[in-house]
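Undergrad: The residues making up each chain are set out below.
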Amino acid sequence: MTAAHPGVPGKARSLGRPVLHASAVLPFLRGRERVSMLVGYVLLGIVVVAAVFAPLICRYSPTALNPVAALQGPSATHFFGTDQFGRDVFARTVYAARIDLIIAFSLVGTAFVIGTALGIVAGWAAGVADSVLMRIVDVALAFPFLVLVISIVGLRGPGLLSLYLAVSIVSWVFYARLVRSEVRQLRHAEYMLAAKASDYSTLRVLARHLLPNVIIQPLVYASSDLVYALLLGASVSYLGLGVQPPTPEWGQMVQDGSTFIGAQWWLSFFPGAAIVFTAVAFSLIGDGLAALAREGSAR
Amino acid sequence: MRRLIARRVAQALPVLVGITVVTFSMVHLVPGNPARALAGQRATPQILASIRHQLGIDKPLLAQYWHFISGLPRGQLGYSFLLHKTTDALVAARLPTTLFLVIYGVLIAITLGVPLALVSAVRKESPLDHGIKGTLVVGLGLPSFWIGLLLIGFLALRLGWFPAGGAGVGFVDHLWHLFLPALTLALSFLAVLVRNLRASLIEVMDTDFVSLAVLKGISRLRLYTRHVLRNALIPAVTIVGLNLSYLLGASVVVESVFSVDGVGNTLVNAVLSRDYQLVQGLALVFGVLVLVITLTVDIIQAGLSPRGEVA
Numbered sequence: 150m151t152a153a154h155p156g157v158p159g160k161a162r163s164l165g166r167p168v169l170h171a172s173a174v175l176p177f178l179r180g181r182e183r184v185s186m187l188v189g190y191v192l193l194g195i196v197v198v199a200a201v202f203a204p205l206i207c208r209y210s211p212t213a214l215n216p217v218a219a220l221q222g223p224s225a226t227h228f229f230g231t232d233q234f235g236r237d238v239f240a241r242t243v244y245a246a247r248i249d250l251i252i253a254f255s256l257v258g259t260a261f262v263i264g265t266a267l268g269i270v271a272g273w274a275a276g277v278a279d280s281v282l283m284r285i286v287d288v289a290l291a292f293p294f295l296v297l298v299i300s301i302v303g304l305r306g307p308g309l310l311s312l313y314l315a316v317s318i319v320s321w322v323f324y325a326r327l328v329r330s331e332v333r334q335l336r337h338a339e340y341m342l343a344a345k346a347s348d349y350s351t352l353r354v355l356a357r358h359l360l361p362n363v364i365i366q367p368l369v370y371a372s373s374d375l376v377y378a379l380l381l382g383a384s385v386s387y388l389g390l391g392v393q394p395p396t397p398e399w400g401q402m403v404q405d406g407s408t409f410i411g412a413q414w415w416l417s418f419f420p421g422a423a424i425v426f427t428a429v430a431f432s433l434i435g436d437g438l439a440a441l442a443r444e445g446s447a448r
Numbered sequence: 009m010r011r012l013i014a015r016r017v018a019q020a021l022p023v024l025v026g027i028t029v030v031t032f033s034m035v036h037l038v039p040g041n042p043a044r045a046l047a048g049q050r051a052t053p054q055i056l057a058s059i060r061h062q063l064g065i066d067k068p069l070l071a072q073y074w075h076f077i078s079g080l081p082r083g084q085l086g087y088s089f090l091l092h093k094t095t096d097a098l099v100a101a102r103l104p105t106t107l108f109l110v111i112y113g114v115l116i117a118i119t120l121g122v123p124l125a126l127v128s129a130v131r132k133e134s135p136l137d138h139g140i141k142g143t144l145v146v147g148l149g150l151p152s153f154w155i156g157l158l159l160i161g162f163l164a165l166r167l168g169w170f171p172a173g174g175a176g177v178g179f180v181d182h183l184w185h186l187f188l189p190a191l192t193l194a195l196s197f198l199a200v201l202v203r204n205l206r207a208s209l210i211e212v213m214d215t216d217f218v219s220l221a222v223l224k225g226i227s228r229l230r231l232y233t234r235h236v237l238r239n240a241l242i243p244a245v246t247i248v249g250l251n252l253s254y255l256l257g258a259s260v261v262v263e264s265v266f267s268v269d270g271v272g273n274t275l276v277n278a279v280l281s282r283d284y285q286l287v288q289g290l291a292l293v294f295g296v297l298v299l300v301i302t303l304t305v306d307i308i309q310a311g312l313s314p315r316g317e318v319a
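Chains as they are written, first to last, in the working numbering: chain R, 150 to 448; chain E, 9 to 319.
Rather than coming from a laboratory, the hints here were simulated on the basis of the structure.
No experiment lies behind these values; they were computed from the predicted model shown.
Any given hint could be a false lead.
Said to hold, decoys possible - Here's a subset of chain E near chain R, in silico, CB distances under 7 Å, partners left out:
id, residue
1, L148
2, G149
3, L256
We put the beta carbon where it would ideally sit given N, CA and C, even for glycine.
Excised from the complex, chain R in its bound form:
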């Protein structure tokens, strides 16, 4: 990956779309880091394929009731067993990948876009806008994140939309803080002065010259934030405040199985294992991207 090179706008611009850059997909990392990042892509690939092709993979419907086959252990017919309504836990776990992936990506995507935009504005405008924004960040960070999210979801009423709104109200601050400090470091770089002196519109300067150079850090952060968003969405749903039944979702499935944890362990075990599997995929990719960014800035 090309290094961010202050003073050479041409090189800087090539960082514009790092994720689509060939090196991010097949990273030029050496040895172990390359292997673990590839493993991450493979694991995530498995989850995505399972989510997309769920109807082809599953023999049973995730919501079909079958009281005759209730609470059966894992077997050749029901790989992950069945729940108290005779629903196939494997089918539910596979279908749940859809909603959990959507939650993780939409939460991180929203926070990333809003936070990066506001961070650029604050860092660039400085002055009052900056102070106001940073005070908001301070206050938001003063609460335990989960407490704030649970409270907001609770007051708005449980559900997917509430979860999305509650997280989005808070989570952008992490990105805004990160981007703001990057912008403040770069705003006096020579190529930024050159861009400003060229009489380009502010929007163009920010979007074409500044953005490509500050986007790496929030992108790396976002890739590890996916783990957190996944766990957060599942936790809130576990508490009964997120995804509502009968839509299968991993956290909520763990909750559903909790009354049977002593004897019918498979009800909670498999959806939880699916969370860990997906989280590991995100972590490995995130660690790889972080290593890539370190190498990029070291070169």
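Once you have looked at the hints, place chain E on chain R.
TA: Chain E only, in chain R's frame:
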């Protein structure tokens, strides 16, 4: 030192005001009418009016805010209509349990994490180090509610080694009842702790005083216990300090899984039963708690560091 404390407190004051504004505004996030949400669709106008009066939302906004904050210095945090207790009484009774759980969890995490980080850093890039790092990647993705539930299912219900829930009475009983919850909390924090600690240990081992100690020919054991470990405990404390907010958040889920009667579980139940004033009061408590702890850690650190006065 006194000037430093004054400055830090002055910096914290606007945040404190912000916390009260955010928690105050929370009730206004309730879609539609909070009184109707509490009383149901068939409530008469008289009942609605009396609930609005009890919630204090029949006055102008600024008067409401004043009403909200004027009671705070005296510890008045509101009233739970469902538990029929004041929020401050509930907090006074249940916050100690939460703090006990968090401290217990941190101690377990440090007990498990410091040796792991030390081995990992000393045997840097060895198969053992890579094994530990790989395990941590999995550890980072462990949902605390899932781990807690598996511990209940296996250690409490199957083997009967530990109680499955509750907090117990008295100190020893607390230790016994809260072991699994604390272990769950520790496991959800362990990966973050070991990762950061490993990095700072490697930094310590690259410093001159360690090289000097090695040149002077001291034993390995002595090197690691006397020089490296000692200098690693400071970053360990810092890492814990930085993550206290996270730990308090995680304790909410853990308390809920184990039905521990702390403020976290109270918050979840308040949210589920739409006890708006209680939610508001508890959110405020959590915010102020984090603020006070961060401030204290900040001042202690600045006081300990030789350059504290400048910082």
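Undergrad: If a hint holds in the structure, say so; if it doesn't, say that too.
TA: Here is how each hint holds up against the structure:
About 5 Å separates the beta-carbon of L148/E from the nearest beta-carbon of chain R, less than 7 Å, and the hint is met. The closest approach between the C-beta of G149/E and any C-beta of chain R is roughly 3 Å, which is under the 7 Å cut-off, so the hint is satisfied. For L256/E, the suggested interface contact is upheld, since its CB lies about 4 Å from the closest CB of chain R, less than 7 Å.
Of the hints listed earlier, there is not a single one the structure fails to meet.
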